[in-house]
Amino acid sequence: MLKKTLIIIFVIILTSCSSSYVTSNLDKNNFTQYFSASQVEVYSQETDIKTRHNYIGVVEGQDCQVKPHHAAPDEINARTQARRQAFEQQANGIIFTGCALLTSQQLAQLNSSSDAQQCHAIVICYARAFLIESPTEN
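For the sequence shown, numbering that gives the first Met the number 0 assigns the number 0 to the initial residue and increments by one for each residue that follows.
Keep in mind that the hints were calculated from the coordinates and are not lab data.
All of these numbers come straight from a predicted model, not from anything done at the bench.
Hints may be right or wrong, so weigh each one.
Stated by the list, open to error - Below, simulated SDA-like cross-link-like pairs (lysine to any residue); rule was C-alpha separation at most 25 Å, straight line: (1) K49 to Q88; (2) K49 to K66; (3) K66 to I123.
Please work from the sequences and hints to get the whole structure.
Below, the structure is given as structure tokens:
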């Protein structure tokens, strides 16, 4: 009898927690967005693109150092953000034209910009995005 009572109490306690829900960021859109940069190939110059291609436009990416004691802004993160932006514009190729590091002193001169107010230092990378046709196989 005691054993049955303990089992019933255990089942009631266990099922009383079943109304709590778990939310997760594991959905297709998050995976697509996270891996989108890997779908955009980086080229050094336009002559490196061996197939037909169309220029889409200029993209940029940035990485911000919010506080002086935080990690320094990283060019790799800025370039990845530019590749994601290119992917959003249906590009599959990109040519970086340059990256610039703006220090807190340089940002102070731009005091009207939101980046200047939010970042201690920032790296900005600019690139040209292209839609590149895949080579046809014979």
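Each hint tested on the structure:
Between K49 and Q88, the direct Cα distance comes to roughly 21 Å. Compliance with the 25 Å bound is thereby established for this hinted pair. Among the hinted pairs, K49 with K66 is inconsistent with the structure: their alpha-carbon atoms are about 44 Å apart, more than 25 Å. Using a Cα cut-off of 25 Å, the hinted pair K66 and I123 holds, with the two alpha carbons roughly 17 Å apart.
The structure does not agree with numbered hint 2 stated previously, though it agrees with all others.
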